[in-house]
Amino acid sequence: MNMFSNKRQVLLAYRKLRTKNKMLSMTGRRLRFVSDAGTFSEMYGDFKFNNPLEFPEYEEKLEEGYKNSGSNDAALVGRGKINGIDFIGVELNKGFMMGSMGTVVGEKVTLACELADSLNLPLIIFSASGGARMQEGMFSLMQMAKTSAAVEKFKENGGLYISVLTHPTTGGVSASFATLGDIILAEPNALIGFAGPRVIEQTIKQKLPAGFQRSEFQKDHGLVDKIVPLEEMKETLYKILKLHGCKEL
Amino acid sequence: MKEKKEISAYQRVQTARHKDRPKVTDYIDALFDDFIELSGDRLGKEDLSLLGGIASFHGMPVTVIGHRKGKNLDENVKYNFGMTSPEGYRKALRLMKQAEKFNRPVITFIDTPGAYPGMEAEENGQSIAIATNIAKMSNLKVPIISIVTGEGSSGGALAIGVSDRIWMLENAIYAVLSPEGFASILWKDSKRVKEACEVMNITADSLKKYGIVDDVISEVKPITSEDGFKMMIEELDGKLERELSSLKKMDKEDLVQKRYEKYRHIEGERAPKETTNGEVLKWAD
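In order, the protein sequence lines correspond to chains A and B. The first sequence begins at 1028 in the working numbering and counts up one residue at a time. The second sequence begins at 141 in the working numbering and counts up one residue at a time.
Because the hints were derived from the structure by calculation, they are not lab data. Remember, it's a predicted structure, so these values are computed and weren't measured experimentally. For every residue, glycine included, the Cβ atom is placed at its ideal position computed from N, Cα and C. Accuracy of the hints is not assured; some may be wrong.
If you want a taste of the chain A side facing chain B, the calculated C-beta under 7 Å gives, among others [unchecked claim]:
1. Tyr1093
2. Ser1167
3. Gly1185
4. Ile1210
5. Pro1215
Below, computed lysine-lysine pairings styled on DSSO-like, alpha-carbon distance capped at 27 Å [unchecked claim]:
6. B:Lys328 - A:Lys1182
7. A:Lys1108 - A:Lys1274
8. A:Lys1232 - B:Lys398
9. B:Lys237 - A:Lys1232
10. B:Lys211 - A:Lys1182
11. A:Lys1182 - B:Lys218
12. B:Lys413 - A:Lys1121
13. B:Lys334 - A:Lys1232
14. B:Lys413 - A:Lys1088
15. B:Lys159 - A:Lys1182
16. B:Lys413 - A:Lys1232
17. A:Lys1232 - B:Lys328
18. B:Lys241 - A:Lys1182
19. A:Lys1182 - B:Lys398
20. B:Lys413 - A:Lys1234
21. B:Lys241 - A:Lys1234
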């Protein structure tokens, strides 16, 4: 009997590991892409679902997001190396409730800033978000203050923060930590703005011109330092890190 | 004492938006002396939807900033219904930095349907204007007190609302988004406003309960009446005087650290928790 239960446990553990690995392969695509092979490890990966307002049907949504993306919420944090240079990375996942920011995302971004600060490492955040998480109401809005304060503190202490805007970065995320980078990069043709195009069109009662709020537009209007396609991202990040005196450890 | 009739969140939204509700200029007239309006972002624009200036509060110089709504349609068009553009937020930022330099507390009055969602606002960096204000307010080395007087909505409210003390009037609302926008995003139906109001937790009472606002200023009588306004102002005036004098006594580093901690742990016991501690997952490449 003992033997059977052991076997069963091993099998279950194996299955769990396999699903976990499979799911992990779907999230944090960009962080994995820019990190040296095998150097990136996730941190703060086990936050529970949080429903601070006990909002109806929200937990089902979170569960669904978990199934779609394999992560507990829309932010992934970890530590990796770019050509040997250590960094703390965050990536928002638009596959999880449009990358919206609630308390878990806010907490993880804040923890990442605090960790980068305490370890004296550069911080790289890949943003992709529709904005605030509606179901967490004012708690979501407060994450804008919380994350911005953490980023500001890190920067004030001399930390280097590179923000990479990917498609789409709008609302409460674009109006907080995502646009506070010392250097702001953007992937080509990403939608970047405060209000979404539909809201603007309803306000001005006309159609928006093609390319409005896209990366190229935002560069022309002074918001973005440089547009970088994903295949050049690692090299660009490496150059920036090197120029800020970040060294291989 | 007679118990107050239960007022629904939707009714409060209507009260908060009522056209006769006092505006930032009424608060300035009632609370301060020698107000001087200061204009412009020094970058090429003046946004009238946000009012700023310096004044005296019981002899103490203060910086005052607030969203400006009009008292009639003409004024509202001029002030863009209190919907601020990047230029307005940059003016606020300039005045806050100035307050820091001259060691004056900052008092902000929040009453906006949200940041202006227009083309020009986007072109001029609405996102970064709001983000910059939020970041700067988090470590401004003078006391900041914010009062939500009418409707506080989204990042447009928060852009002048990161503070040591945040208070709401009893019938004010403060929300991540307007109830209409909320219903439209979540249920694709902007007509489900009443329902949205109920689930959003946007009233002063519920936000106090959640620890997001620090205090509620009572509206014993309707503040659209002279009498009711005076009573409310009396309470607000006393509270401001007490809090400002205690905040002014604080060491500047402590003040900023306390403000950081406040937002760091704004969720209180509702903060997200980790299931396991320190488990590190390694990726298979």
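Practice problem: Would you pick out the hints that fail for this structure and give their numbers low to high? | Solution: Hints 1, 3, 4, 5, 6, 8, 9, 10, 11, 15, 16, 20 and 21 not satisfied by this model.
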